[in-house]
Amino acid sequence: MLLRAENLTRRFGGVSALEAVDLELASGAVHAVIGPNGAGKTTLLNMLSGIYRPDSGEIRLGGLSLAGRAPHEFAAAGIARTFQNLQVFPDMSALENVMAGRWLRSRAGLAATLFRLPSFRRLEEECRAAAEELIDEVGLARWRDARADALPYGALKRLEIARALAAGPKLVLLDEPAAGLNPGETRQVDELIRRVAGRGVTVVLVEHNMKLVMEVSDHVIVLDQGRKIADGEPRSVSADPLVIEAYLGAGALRAAA
Amino acid sequence: MRPSGSRASLLALAAALAALPLVLANNYTYEVAILVGLNAITCVGLNLLVGYAGQISLGHAGFFGLGAYGSALLAARYGWPPLVSLPAAVAAVGVLAWAIGRPILRLRGHYLAMATLGFGVIVSIVLSIEDRVTGGPDGMAVPPLQVLGFTLQGERIWYWVVAAVLLAAVWLAQNLVDSPHGRALRALHGSETAAAALGVDAARHKLFVFVLSALFAATAGGLAAHYAGFITPAKASFLHSIELVTMVVFGGMASTAGALVGAAVLTTLPQLLTMLKEYEMVVLGAVLMGTMIFMPRGIVPTLEKVLAAARRKPD
Numbered sequence: 005m006l007l008r009a010e011n012l013t014r015r016f017g018g019v020s021a022l023e024a025v026d027l028e029l030a031s032g033a034v035h036a037v038i039g040p041n042g043a044g045k046t047t048l049l050n051m052l053s054g055i056y057r058p059d060s061g062e063i064r065l066g067g068l069s070l071a072g073r074a075p076h077e078f079a080a081a082g083i084a085r086t087f088q089n090l091q092v093f094p095d096m097s098a099l100e101n102v103m104a105g106r107w108l109r110s111r112a113g114l115a116a117t118l119f120r121l122p123s124f125r126r127l128e129e130e131c132r133a134a135a136e137e138l139i140d141e142v143g144l145a146r147w148r149d150a151r152a153d154a155l156p157y158g159a160l161k162r163l164e165i166a167r168a169l170a171a172g173p174k175l176v177l178l179d180e181p182a183a184g185l186n187p188g189e190t191r192q193v194d195e196l197i198r199r200v201a202g203r204g205v206t207v208v209l210v211e212h213n214m215k216l217v218m219e220v221s222d223h224v225i226v227l228d229q230g231r232k233i234a235d236g237e238p239r240s241v242s243a244d245p246l247v248i249e250a251y252l253g254a255g256a257l258r259a260a261a
Numbered sequence: 013m014r015p016s017g018s019r020a021s022l023l024a025l026a027a028a029l030a031a032l033p034l035v036l037a038n039n040y041t042y043e044v045a046i047l048v049g050l051n052a053i054t055c056v057g058l059n060l061l062v063g064y065a066g067q068i069s070l071g072h073a074g075f076f077g078l079g080a081y082g083s084a085l086l087a088a089r090y091g092w093p094p095l096v097s098l099p100a101a102v103a104a105v106g107v108l109a110w111a112i113g114r115p116i117l118r119l120r121g122h123y124l125a126m127a128t129l130g131f132g133v134i135v136s137i138v139l140s141i142e143d144r145v146t147g148g149p150d151g152m153a154v155p156p157l158q159v160l161g162f163t164l165q166g167e168r169i170w171y172w173v174v175a176a177v178l179l180a181a182v183w184l185a186q187n188l189v190d191s192p193h194g195r196a197l198r199a200l201h202g203s204e205t206a207a208a209a210l211g212v213d214a215a216r217h218k219l220f221v222f223v224l225s226a227l228f229a230a231t232a233g234g235l236a237a238h239y240a241g242f243i244t245p246a247k248a249s250f251l252h253s254i255e256l257v258t259m260v261v262f263g264g265m266a267s268t269a270g271a272l273v274g275a276a277v278l279t280t281l282p283q284l285l286t287m288l289k290e291y292e293m294v295v296l297g298a299v300l301m302g303t304m305i306f307m308p309r310g311i312v313p314t315l316e317k318v319l320a321a322a323r324r325k326p327d
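As they're listed, the protein sequences go chains D and F.
Note that the first sequence covers residues 5 to 261 in my numbering.
Note that the second sequence covers residues 13 to 327 in my numbering.
This is chain F alone, in the form it adopts within the complex (with noise of 0.2 Å):
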């Protein structure tokens, strides 16, 4: 029933990403779509350590700014090409995740917490102050992605490449979680000590899943770069950090749908408040503190409930 339902969900979120250009008016909302989507990219990955395994990160915009940065080095300084630029920083995304995880993985709560943040704020410090590589807080020039031969440069291009690449996000998460590891990592949340007499090594799902959220962020950050053809370590700071685990929050914790609501609704958000000016944030504020107390759970699984509840009163 359940791989079904996911396929039936998969192609349910195909179609809509079929559908958006429909009413995609101009540039500027297809700017915003290919926003939500990266965003969309690391919540998924992100929820997947938060949500579903119960570990927290506050350093997740670190991995997507050195995705974002290893790939546009690479590319500028030493001429690779993006489209083997790009997977190989994701890569060496993938092994530094597997390094700084074997040690603060053994931290909880928010012990951990604070050593991700910790890494994040590394991170971010090293790209404003190595201004002679990294150009500094000013930012640097990406190349564009090339894919034979054929420049990827617009909104309306990236678009579908980003709309692929969430797909495939989203199809490897929920392959993931409908399998025994993602079951092994939901027991994780549920009893480590349980889990652990099913035959569960719990430090290796750990790291297993905080690597593969860390090469989620770092696909995302390298697909930013090369988009927007210019890269600040604003993408890789402590905020980007907060506002990626506040989506995954908001939309909803351990629950891929959550994780994408999350991620549309607080990147449009802020884009549609811009015209309340200097209130900006005192609304964007209200909503969510109205959010987290009306659907503690977030938003997905609390509207999950209301219509089970709904179907179930008729008969």
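Looking at chain D on its own, in the form it has when it is part of the complex (with noise of 0.2 Å):
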């Protein structure tokens, strides 16, 4: 088990964004998390990367308790994510985004940097190898000294993912990394998915497609209204009462009854 979570809650202003959620993540494995809009897929991850304190809970990633740190040390603790709405660095060229995710192992001392020593230029050329080695993998190639604004959606999408991998971290967090995507564009990302936990890098993945879900997860948490309604495989999943009821109204649960 590499991450477990007890109890997260977070409340915004009497409003319940998550309540009483308890997760277990598997090590090497593709969790994917699902709901309906509102259901507090977001809030999940924002938690787990300690953008959102929760109001009560624990997070647990091996031996460590993270809740209420700053999302640094989320960072440092070996999780890393994308965002929904893009957070590229638009000034700085696709290669330089991956290098910068790359800061957690890549920062030599201040003296070293400042002054150009021997040891700062041996982590500069790791860095710049480890960074090109991503960008080639998200077939990125092309765009790799292009200032960030300049790339097209579908190429910011990836190159978020391969800026979140840059520092090799044990668990990443994806929010809907196939929106609004092509599904030429969408079979990329998913197989990138795939290479990702084949490396036994552990992936959270916050996501609509549901053709996408099926196919790349292991295992699936659905959300409702911010309480977990199911948890387990996709197909016992997708034949869960509740989550039919959540997703189509209980009506239609009759209607197929």
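The hints are simulated quantities; they were obtained by calculation from the structure and are not laboratory data.
Wrong hints could be hidden among the right ones.
If you want the footprint, here are the derived chain D segments under chain F, 3+ residues with CB under 8 Å [unchecked claim]:
1) 93 to 103
2) 106 to 113
3) 119 to 130
Yeah, the Cβ is synthetic: ideal placement off N, Cα and C, and Gly gets one too.
Quick one: dock chain against chain with the hints and give me the complex.
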């Protein structure tokens, strides 16, 4: 078990965005979080990356207790993420974005940095090589030196994934990686997620594209109105009456029966 | 590609600084060149804070003034050799910047501007009213800088001192920009949330670059004091803080070359415009407004863009 969250609760002015959610993420698996709009999916990702503090509850990664810590400490613990509304660094090149993503593994001491000591150069070379490899892997070689704000939408989605992977995280949280992509681009993201998971990185995926969810995930968590209503293998979850009801309304279930 | 590019630009700057005396006709033009250099040292540091990290400071003349008065007082009142008093004053300013930066860098935007402005105003008022120590608004005399028993005096020697320090400042700034620390700063500027998600501790980085930029300003201030042999609180004034930020914005934010160009143009232009007498400020203001309207990103980034577009056209 890589991560265990217990009783995660977050309320915004009386409205509970997330209510007593328990979660277990197995190492190296792809976990999908699904649910209707407003179910609390992004709130959950924001909590797992430290952007929101839970009102109550606990998040444990390995032996480390993370709830209440700052986002950069979540990152240092090995949790990386992408954002639903892209958050690339627009005035840096694609390569620099990925190199920035490797911050946790690339920083030399301040003196070594300011005076360009040999230890700095070695780390910088290593950082560049690793970033170039990732850029190639996500298929952005032709955009490598272009400013990020010149990249098309689909490329930016993959750039964010590459940036999130750059520091070699244990867990990567992907917030709607296929939203707004065409079927060809979605397939590329699909393959990328499989490859990442194949290397032993645990993936949490928030996604509306059910085809993608069913294809890549090992484990599905269903949220509805801030509560976890189902949790299990994709097939069993998609047959769960509670899930069908949440998605289609109670009427649909009655009509089916 | 990038590191060698910055080495080339550093060599170009060194060549320009070496060649400049060929066109400097007299002591007055040397003096203007030295003033440009001192402002440029401050602006290169300030640009790290404003241009790269996206934080504002309207109080950097305070650090400049404290570097100047700190070194002047240690040398004049306590008899420290200026070669020791200068780095000591700069280090003390660094500690002060760290102490005030910790609380105020939690603020953003206009609030940070107000807090840094307040700091600058306090420094300039204290320097003015503590006249028994600082000489008040009339200023104080500063002993000359001595290196190995040799007294640095005269524009022609100081030109080389300032040129060397400026070159070092640009080198350090470039080294920082092209490094993980520099990318972390630019990341903060782009999206603080995304930078934090990469493990960048925003508070620590802002504080670090704030202190670094204060060290640059204090160094320039200390040099200015020992060069001129005299210092007044005007150097620590709010007006000087605004001038420094204007230079950075005018030359082009997030561009070290821009900081140099901004310092050079806005230091020399008022000197050239003195022939217009009372219209000087009107013309200077018009130039500033025109530049910001037609080159909102500043001179250097705009020219770079024009050049890049021109290069792309032929093929």
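The hints, checked one at a time:
1. 93 to 103: holds (count 6)
2. 106 to 113: holds (count 6)
3. 119 to 130: holds (count 5)
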